[in-house]
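Trainee: Chain by chain, the residues:
There are 2 protein chains.
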Amino acid sequence: MEHIPVLSLGDILLVSIQVDLEDQLALRLQEDLSNRIVATGAHGVIIDISALDIVDSFIGRMLSTIASISRVLDAETVVVGMRPAVAITLVELGLSLNGVRTALNVEHGLRLLRDARPALFALDGEAPEQPEPDTTPATVRD
Amino acid sequence: MEHIPVLSLGDILLVSIQVDLEDQLALRLQEDLSNRIVATGAHGVIIDISALDIVDSFIGRMLSTIASISRVLDAETVVVGMRPAVAITLVELGLSLNGVRTALNVEHGLRLLRDARPALFALDGEAPEQPEPDTTPATVRD
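As you go down the protein sequences, you meet chains A and B in turn.
Numbering-wise, full-length UniProt numbering puts 15 at position 15 of the first sequence, and it's gapless, one number per residue.
Numbering-wise, full-length UniProt numbering puts 115 at position 115 of the second sequence, and it's gapless, one number per residue.
Mixed in with the good hints there might be a few duds.
[What the hints assert, rightly or not] According to the in silico footprint, chain A covers these stretches of chain B (three or more CB under 8 Å from chain A):
(1) 34 to 40
(2) 48 to 62
(3) 98 to 110
Keep in mind the hints are simulated off the structure, nothing from the lab.
Please read all numbers here as calculations on a predicted model, not as lab measurements.
Glycine included, C-beta positions come from ideal geometry on N, C-alpha and C.
Given these sequences and hints, build the entire structure.
Mentor: Next up, the structure:
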């Protein structure tokens, strides 16, 4: 397979990684994704890795790179669908997916991106009320 | 890769086919998809084939089978992202993707499914005008 499709969902791009990413494919994905962000003005990227049994340092680095490129292009990246075993291996390997946000599945990822930029989703033009930033306990995760 | 991930978007399931589907993988996909339809009560299935260069009779038949299974489970199937060359080949081969609806991309597919069942998307609780509201008892159960 010569490329990984990038799907559009409103102003969010969705990528489902199902194949082993060797160098060329990973580079192609980075290129496709950044082109699509610019072309569509997308503000969010969701990368589903639920099909991956293994996330090694190469894939981990690629995810971080994609997140960095997207951020420069004003889009947030969320990695979703990580298997428990993958999470364990990542931590054991000392890979922390720097700068990459994660969510349980695509729906949680969508919600995360929506919450991050609620103003973009206010259809009537008036910015919605922002809850005070400290009440949502991100510290619940241990 | 031992399986193709099925992603949830609200009450719609999304499958992106990126790898060559041999028998086992296709059967597994049918099984996963029908299990997920029942588990989530999804009413729509979107299958993205934008990564496929070739849709032969095997894949065509599989898409038709998935659509038939989904329909029995009360879910509509839309195939999206077909390349022009694939469409030409399909017609030349005499494959018509019986019972499969198509759309240009994921967004069009989502819209198609929404238009097909507007009642499910009425957020304010009042059902939009339906021809015969009382003759569809199957939609009451969820």
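Trainee: Now look at each hint and say whether the structure bears it out.
Mentor: Do the hints match the structure? See the list:
no.	hint	result
1	34 to 40	violated (count 0)
2	48 to 62	holds (count 3)
3	98 to 110	holds (count 4)
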